[in-house]
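Enquirer: Going down the list, the protein sequences come from chains D and V. In this note's numbering, each number is its position in the first sequence, counted from 1, plus 60. In this note's numbering, each number is its position in the second sequence, counted from 1, plus 2.
Because the hints were derived from the structure by calculation, they are not lab data. Mixed in with the good hints, there may be bad ones.
[Said to hold, decoys possible] Selected chain D positions facing chain V (Cβ under 10 Å, derived; list incomplete):
{"id": "1", "residue": "Thr114"}
{"id": "2", "residue": "Leu140"}
{"id": "3", "residue": "Ala153"}
{"id": "4", "residue": "Ala183"}
{"id": "5", "residue": "Val184"}
{"id": "6", "residue": "Gln228"}
{"id": "7", "residue": "Gln232"}
{"id": "8", "residue": "Asp301"}
{"id": "9", "residue": "Arg315"}
{"id": "10", "residue": "Gln342"}
{"id": "11", "residue": "Asp411"}
{"id": "12", "residue": "Ile446"}
No experiment lies behind these values; they were computed from the predicted model shown. Note that beta-carbon positions come from the ideal geometry of N, C-alpha and C, so glycine has one too.
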Amino acid sequence: MLRSITAARVATSAVDRAVLVLYVESVPTTFAGCVLDHIDDLPVLWRRDDRFKTFRLVLCWQRPLDERAAARALLPALLLHGTQRFPDRPALARAMERCYGAWAGPGVGRFAESQVFRLATEAVAGEFLPGRPDQLGEMMGLLAEFALRPRLEHGRFAADAFGREHEQALAQARAVIDDKAAWARQRAIALGCIGEPWAIPDHGGEAAIAALTPADPELVRHDFLVHGRRWCVAMGALPADLPQRLAAWLPALPRQQPLPLPAVAQPMPRAPGRTVEHAVMQQARIVLLFRFPVPIDAAGAAAMQVLASLWGGGPHSRLFREVREQRSLCYAIGAGGDVHKGVVLVTVGCDAPACPAVVAEVQRQLALLAAGEFAAQELQTAIATIVGPFLAVDDSLAGRMQFTAEQWLLGRDQEPGQRIDGYRAVSRAAVIAAAQSIWLDHEYLLLPEGA
Amino acid sequence: MSTWERVTDPVVDETVWCARTSRGLRVRVAPRPRFRETAAVITFGYGSTDLWFTDDRGELTTPAGTAHYLEHKLFEDEALDTFGRFAARGARVNAQTGFTRTSYHFTASTQFRDNLTDLLYLVGTPHITDANVAKERGIIAQEVRMYEDSPDYCTMFDLLGCLYGEHPVRYTVGGTVASIDAITAELLLRCWRAFYRTGNAALAVAGPVDPDDVLALAEACPLPAGAAPHRGVVADFGPVARTRSERAMSVARPKLLLGIKDATPAPTWEERSRRQLATRALQDRLFAASSEVRERLHVRGVVDDSLGAGYHGEKTFAFATIGCETRDPARVEAELRAAWQAPPPVDDEHLERIRRRHLGAFVRGCESMRALAFGQAGEALDDVPPFASQRLVAALTLADVQQRREQLRRDDAIAVAITRTAR
């Protein structure tokens, strides 16, 4: 049986809608090592940890990554222009500074082919500060301001705020080219994943930003709140009555009509594409986009992560040792990606003449791994590089919250220890199978002009 | 073996253990018995600006990029198989070189003693040969070129070249492809012998460790004893060498960076820290998100949220920066100069917010083993007592900020670097 907290709404003339909280406690349920409560159908995963003097809390809403990405990406900057209680950016910033440099505010991120709108807070708990201020109360008040009382005019964000942030978003999207590694990555994904949501950059795309109207951001905010799959995660120096305190304002959020999320797009293997572009720069940038079928279970995901570590996951990896250390072909090389999308990107910065040798060596190393040509010690080291940091996941509130949220999204009720056991159980055969499932889909080269 | 001094801050209720080994290595430990991760940092007082020194063989001038090259060669020790050994234990190990420091560090969840033993071994036992120095040259040259493709990095060093005509802070940390060409194994070993000494280093560890274990391992550190050599770098607090610099790169919008050079040295850590705090207070008053000055500039379309400010103060150089991206560098430069010359007053409410923000950041920092270890190693090297910054920020006065404002308002101390869009 789930713990549930039900709040009956009481309409009043007060600015804040008062709520009568009816707290129904039954057998505690846990998920991924956290307490799982439900407040007005909102799952709240939380964990008190008295090693910490700080707490973190995040409310999330998930929607598909689609043509509305640009409007969604603009949303946090617009919300930070003020609320009814804190009417401008300096007022909000000062409120947070007075709370000992706490942070409360909006953000937008992505998970595979979805976008996640977050209202998050991070603060030192009041009992560790002079005068024992109610830090949690202040921060939840700020979150409620963002969620319930943004500064709108006639149902949309103020025209001046929209104008400034719209221009700034365009400038930021164009400025990606200042960082040639980031630009190469963005271009490789855009070209390799044409027609797939994953091709949409974090900022939504320059053309999509340019086409935004002042009404769009509020429409996507409302869409997130009403149609988004939502959840809440909180950890650290939290009070025992956190659910009751959340129940005092969460029920004031709009009534939910969540919509399902589409499945992740996964193309079939095909002949690899190749793109060469040029820029004013000294070093060449290579991005090789490899694909694999999205693993259907935790064991498959663990095997793919171990393979990525073995292949290009750090200084212990094949790519670092063979391409950089043995052959001095580059300074920076690595492999990483998104196991939930089925993509791994090998990124390299090197001199232009070395590009063909680097590309060939990256593929040769993958072929060797697929043929089982790796030592038992290499496999053990690759596993250790994943397990080592994971053993300390509880030492970081941010890290533990991310793990919990990922488990929730995937519907995998594992504690960190079970995940670690999964990594340790990855076999040689599973790594070979993972390597054999990978195929090169797109080769992208950004070369210095004239090269 | 030396004894511990335990320093506890009553406000944040945190404790740091301080000691020196019998051969002079400063050691600090922040025990966190209920955490799993351990972070360790050993920092040396040797950085990219230490190009001239005198050792027992006489005066030596070294090429730009020497400290960084030495870091590469010690860290990527084929004899130790540095990467393989740390990785097999699930540890993350790395190193970094700055203007005045070189740091080697790891984080790990298991086998702390083995990891610390290896970290101390790699800095204390160089395996530098002509062959491995030559092999590394190509890799470092590519790293140098990678940084030369970074507009922000290039703009910063253009600015430093304006602020400093002679001081080596104007050289990039990694040097240039040409300067590293002159670096040899013999040179690197001579630099190692001069600077990699217990008296020029500090070790800090944070995590679930027994301080006595750390001290025992530090006692066995193979670093030679002794202090750093006499450094030839001359402090530069004079006028700026040039008032402006411009270049073109592949950027979407021009980048503008104003630099304000400190006119007098701050010989003690207290004075340097006080200056840093007061400068930041002044910069916050103008350019932080809580500032109405920043907001007005934003509303008028002069700047956007690329606007940022900073301060870097050392014994021989110190400067503040203000920078942003803009399509109209001339207009923005004039506006930022005007704002800097006539900042609004700082009041008690502003100072109190700064004190609170500082305290909050300090408490949060104590929950990161890595941040704790880095902070303590850096402070130990300068003999800054633990938690001293907390006391200094609590004691910061309006008069301190006002004095700082007067020190930094001089027009002849300002230079500007602009990176324009290449056509």
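Enquirer: Does each hint hold? Answer for all of them.
Expert: Results for each hint:
no.	hint	result
1	Thr114	6 Å, holds
2	Leu140	8 Å, holds
3	Ala153	4 Å, holds
4	Ala183	7 Å, holds
5	Val184	5 Å, holds
6	Gln228	5 Å, holds
7	Gln232	8 Å, holds
8	Asp301	23 Å, violated
9	Arg315	34 Å, violated
10	Gln342	4 Å, holds
11	Asp411	6 Å, holds
12	Ile446	8 Å, holds
The structure fails to meet hints 8 and 9 from the earlier list, while all remaining hints are met.
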